[in-house]
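K.L.:
Protein sequence lines correspond, in order, to chains C and U.
Okay, so the first sequence: first residue is 11 according to this note's numbering, each after it adds one.
Okay, so the second sequence: first residue is 39 according to this note's numbering, each after it adds one.
Just so you know, these hints were derived from the structure itself, not from any lab.
This one's a predicted model, so the numbers in the text were calculated from it and none came from an experiment.
Don't take every hint at face value.
Partner residues aside, some chain C positions facing chain U, computed with beta carbon under 10 Å [unchecked claim]:
#: 1; residue: ALA91
#: 2; residue: LYS299
#: 3; residue: ARG450
#: 4; residue: VAL482
#: 5; residue: ARG532
#: 6; residue: LYS539
Simulated crosslink set (DSS-like; lysine-lysine; CA at most 30 Å straight-line) [stated by the list, open to error]:
#: 7; chain 1: U; residue 1: LYS122; chain 2: C; residue 2: LYS392
#: 8; chain 1: U; residue 1: LYS224; chain 2: C; residue 2: LYS444
#: 9; chain 1: C; residue 1: LYS507; chain 2: C; residue 2: LYS299
#: 10; chain 1: C; residue 1: LYS80; chain 2: C; residue 2: LYS392
#: 11; chain 1: C; residue 1: LYS212; chain 2: C; residue 2: LYS660
#: 12; chain 1: C; residue 1: LYS212; chain 2: C; residue 2: LYS633
#: 13; chain 1: C; residue 1: LYS369; chain 2: C; residue 2: LYS422
#: 14; chain 1: C; residue 1: LYS314; chain 2: C; residue 2: LYS299
#: 15; chain 1: C; residue 1: LYS422; chain 2: U; residue 2: LYS224
#: 16; chain 1: C; residue 1: LYS633; chain 2: C; residue 2: LYS660
#: 17; chain 1: C; residue 1: LYS392; chain 2: C; residue 2: LYS422
#: 18; chain 1: C; residue 1: LYS154; chain 2: C; residue 2: LYS80
#: 19; chain 1: U; residue 1: LYS224; chain 2: C; residue 2: LYS369
#: 20; chain 1: C; residue 1: LYS539; chain 2: U; residue 2: LYS224
#: 21; chain 1: C; residue 1: LYS569; chain 2: C; residue 2: LYS154
Virtual Cβ for every residue (Gly too), placed ideally from N, Cα, C.
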Amino acid sequence: MAEPVQPILECEDLSISYLTRQGEIPAVVDFNLRVMPGEAVGLVGESGCGKSTVALAIMRYLGRNGRIAKGAIRFMGRDMAGMSEEELRQLRGSKIAMVYQEPMASLNPSLTIGRQLVEVPLYHEKVSQAEARQRAVRMLAAVKLPDPQRIMAAYPHQISGGQQQRVVIAMALLSNPSLLILDEPTTALDVTVEAGIVELIKEISARFGTSMLYISHNLGLIQETCDRITVMYSGEAAEVGSVREVFERMRHPYTRGLFSSIPLPGADKNTRPLVPIPGQLPLPHERPKGCWFGPRCAFFVEAKCGHGRVAMETVDPLTGHAARCRRWDEIDWEAAKPPVRAAEPAPLGPVVVEVDRLKKYYELGSVSLLGLVRGRTVRTVKANEQLDFAAREAETVAIVGESGCGKSTFAKVVMGLETATDGEIRLNGTDIAKLPVQDRPPETIRTLQMVFQNPFDTLNPSHTVGGQIARVVRRFGGESDPARIRERVFELLDLVKLPRAFYWRRPRQLSGGQKQRVGIARAFAGAPKVVVADEPVSALDVSVQAAVTQLLTEIQREKRTTLLFISHDLSLVRYLADRVVVMYLGQIMEQGTTDEVFNPPYHPYTEALLSAVPIADTRIRKKHIVLEGEIPSALRPPPGCPFQTRCHRKLGKICETEPPPRREFAPGHTILCHIAPEKLAAMDPVIVAAPEARHAAE
Amino acid sequence: MATLTRTDVPAAPSRLRSLFGALGLLRESPVAMIGAAIVLAWVIVALIAPLLPLHDPNQAIAPFKFPGAVGPKGDVFWLGTDHKGRDVLSRLIWGSQRVLVWATLATAVAYVVGMLMGVVAGYRGGWWDEAISFVANVLLSFPVMVLYLVIISRLGSSGANIVLAVTFASAPGIMRIVRGLVLDLKTRDYVHAAQTRGESSWYIMLVELLPNARGPLIVDACLRLGYTTITIATLGFLGLGLPPPDPDWGQMIAEAVPVGVFAAHAMVVPALAVSSLVLGFNLLADGLREISLKD
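Chain U with its partners taken away, still in its complex shape:
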């Protein structure tokens, strides 16, 4: 042992390299790779949307064009146009930006709320646990769709209300996972060590406990992003989602259904988009779980 001791000051390893090391683990699961590729493709499309030579998504140009048809100015509608004459490709891409932003935001807010509830219930126990678990059980016993309808029909449709609705529906589930993990983690010696040096409860909950719950939570977050994508699409379909006229996948499907006979593509394309993104999230979650079990 003594031979290993050196007194020179070594350099800190780079953080970037450890990040790439973590991403490299993805390669161990083909399923995770496929999922990550699908999700990443949508993220890239959403990010570069402003740079693409697209039509204005809300501009009526020529109705009922089939995919590949040529427009009045000699430009091509790769995915056709809808009944109002708007470019489907353009609406799809701008819509991806919208769904990704709101799904991520809604899931993130649900996570913050759910994790706080879970970690407090798990760590404090006793009265706190009873109260928080009771609230969670009440929320969980509500049919999710009714919950959404109540919130959005009361408060009107807006992005903020979607976040609110998703948080109400998801936070109790997240709370249960976190609570279970924390109940196990809080018996570890490093938690006792923190307690015996007089750390505050918040420090123990946020610094000592939560980071160690991250494994199962990352998997769950991927699944939940998929669910939230479906939720946003469903709300859009029911006319309760993000307010028109900006493109929204669920709304696109809803608008295209009555004229489906004439322009099936306007209905099928956004439906495929929703499915592919959800599939991507689910495959990624499955793959991550597989990788985490390997160790």
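Bound conformation, chain C alone:
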């Protein structure tokens, strides 16, 4: 605060509207933002809060129906509203660069990466071809891509998603921009790959001094990458401040709601459950009078919060901490911690599902000419190799792994959409591994149901919600009387806490979370014994995620269902699961109870996974492990240990030649690794609460 430095980017009282069928929709209202030189500012909020609209407005890519209704965007002191199309074109890509969520959408699939990179200096700085090329290669090396020359000659589809995103970042940096806008740059990537990109982003800001605007829904990522944070709610800034300040001394009930709905270390489904934010984000034309967060706020007082626009109030003038709350200094932030509702852990019953040496290979007929000449060359994808585990009644078994690890294939085999190549899956003692769903007896089908990942796909858009649940009741519930079936569907809607009027709604009238609830109601309609949940909340916003997770655990507890929870989200798994199975390239690397897996001894892969997960808690210290390289293709798995190509604790030759032994550390806790057991046991924990936090907890 010493001398007045000119901000790189400044949004002042910015209001952005979209013109639609319903009239003019104010997407962003009175939004202020300031990015200083060298500073990284995080913009957080749930979907529909207007964070991407802000980014698009800065780039002036609002499209035909969007317009800046009020306020100004100033870039290095110049008002961007006054700039011509030509000036804007010069600015974009040279002074302001943007990195989007989908790397493949930012790269032209029909040009080599070299061509696309070289274009940037050629166009913006008019340098020679040779120099442009040289700079491109240097930049590829700077974003830590192995073998830049090879990448230059490659087409985008020939490199992996993580590498593509690095190329996009390299392209953005080539013109040496003053401002880099990152819109969810790692959302489409796996956690271990994400960790590498995050590392790179931090390095960039340190090395190039580039100012950054980092847009994300993930508070943990913001904490790792940013200096300051703006929390958005329903088109306005709810809270602004330094990351440390906002994370440790939040002064807006919405921010607090966000933090209580994410599974931080310490949360537990039995003793310290997540607290979802009730209600839904209001639509822009249905915003309430007074405080826009009011209807969902636990501290709402009609007399104080129910009228007029709430202004931003300064909490700490020194750090610039401000919150849009009239009661921020009245609320007792420490005492008003969410209530702890301790519940007894559900006692586990007998084993219900037993997976025994399960193998699933896919055979790909070669379509190449060479293959035809040689006769039938068949390549094998080993999607699942030697899966062994068991799940008991009322138990939640999480299957964790990154994309391509075979977890979804396993779900398909369990459900009978695919049949196993070898091995058994015993459901109450009967083997069903090789029975496709058409050949399974109705009772088996009823016993085994599934909750799907994508809320937009899980319901048939042509039929009413009630009709879709009723179909399951009719098939499995043994009911044929329409009135009784309708009564059952109403009960199921009650069970998932949806109003009964939803019976006649069409899926398009429902929000993502509501659709997912209907999906859960449908899965539980036939009173199944085992439910396979394939990433049931990964597509939902955090506050909704908490509510749906909560619902799933409640129903499970009540019905004593076995839950096979397939996920890539380790935070959620720690919160939810009783047992964890960690998979990599079709094999189980480690399995055990949640405590065993999340504490040493670790498999090196588990250790890396744990360290890669961003945690939105400033009091947590994490071990820093960033894996090299990419997940190998299941078509060409490496010999020896599947993890040897990326392992940070690789021993040497033995890992490359011999398959590792499976060692048992405790009954049911096994690790597949060459490293001597005592060395594994001597590992430090990855996640540690800082000392001061430990005191606070006790």
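Take the given structure of chain C and dock chain U to it, following the hints.
P.N.:
Then chain U, alone, in the frame of chain C:
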């Protein structure tokens, strides 16, 4: 969320209102409105034909009267009479009934066949797909007009044969559209959900998949109704259409051509009728596509 839960039994919303809601969407596209108005006008005319005070369409009254001429009994021939002395207006209106009935019927039959082929090929895949696609490709490789001529010259001209000919010519195209849509739709989770609860293939194809393909199909059906109208008129013109003497637009044009010099109106009026109906269907299709893209 808990506050939203109510245990009282709510009433089902009326179906009529949701139908009107769907029709209300038409208002968003002027093009669709114009198309719908033209088509609707013809449909209404065809429906109320028996109630109108018209001459018998097949009765010879007075040949070569111009539009507006007064007949022997003092009645007016608003659109004149043809070379055989038949009232053109009456023939036009009765003809509209005929063309609309057969075009709709032929398109509907083509759709049933094409959709079944498409949904089976798309959903079952493999051998089914190969076989059905092969049949479709063979049919598509036939010149359409030759196909019509072969069918109708072999089997004689009748309404049923027009339906047959149109089905042969259109079903492969419909099959391709449906197959493409189904290939995409069958990867959706709601289809997996149906599979995992052990639903039969027919249930999945007819209840889970086909209703979701309806958007593009409605647009295509409007276009195809236009094509079929042209086809029926062409066949009529060539003397292969619906058997005379009942009025048929294409046949009216054909009959009027040789005497066109004396009674141009008898040729122009039915030609305009064909064009307007086809235009109506095309505009409606265009407008519907525009509306569907807006969302």
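K.L.:
Is C:LYS422 within 30 Å of U:LYS224, Cα to Cα?
P.N.:
Holds, at about 15 Å.
K.L.:
Per the CB criterion, is C:ARG450 less than 10 Å away from chain U?
P.N.:
Holds - the Cβ of C:ARG450 comes within 10 Å of chain U, reaching about 7 Å at its closest.
K.L.:
Close enough to count: is the Cβ of C:VAL482 nearer than 10 Å to one in chain U?
P.N.:
holds (6 Å)
K.L.:
C:LYS507 and C:LYS299 were given as a pair; does the straight-line alpha-carbon distance stay at or below 30 Å?
P.N.:
holds (27 Å)
K.L.:
Are C:LYS633 and C:LYS660 close enough, with their CA atoms no more than 30 Å apart?
P.N.:
holds (18 Å)
K.L.:
Take the C-alpha atoms of U:LYS224 and C:LYS369, compute the straight-line distance between them, and say whether it is at most 30 Å.
P.N.:
holds (26 Å)
K.L.:
Would you mind confirming whether the straight-line C-alpha gap from C:LYS154 to C:LYS80 stays at or under 30 Å?
P.N.:
violated (42 Å)
K.L.:
Has the given pair, C:LYS314 with C:LYS299, been kept, meaning a C-alpha gap of at most 30 Å?
P.N.:
Status holds; Cα separation ~12 Å.
K.L.:
Would the pair C:LYS569 and C:LYS154 pass a check requiring their Cα atoms to be no farther apart than 30 Å?
P.N.:
violated (50 Å)
K.L.:
Holds or violated: C:LYS369 with C:LYS422, Cα cutoff 30 Å?
P.N.:
Holds. C:LYS369 to C:LYS422 sits at ~13 Å (cutoff 30 Å).
K.L.:
Answer holds if the nearest beta-carbon of chain U is closer than 10 Å to that of C:LYS299; otherwise answer violated.
P.N.:
Because about 18 Å separates C:LYS299 from the closest Cβ in chain U, which is outside the 10 Å limit, the hint is violated.
K.L.:
Is the interface hint satisfied for C:ARG532? The criterion is a beta-carbon contact with chain U at less than 10 Å.
P.N.:
holds (7 Å)
Checked against the numbered hints given earlier, this structure breaks hints 1, 2, 6, 7, 10, 18 and 21; the rest are met.
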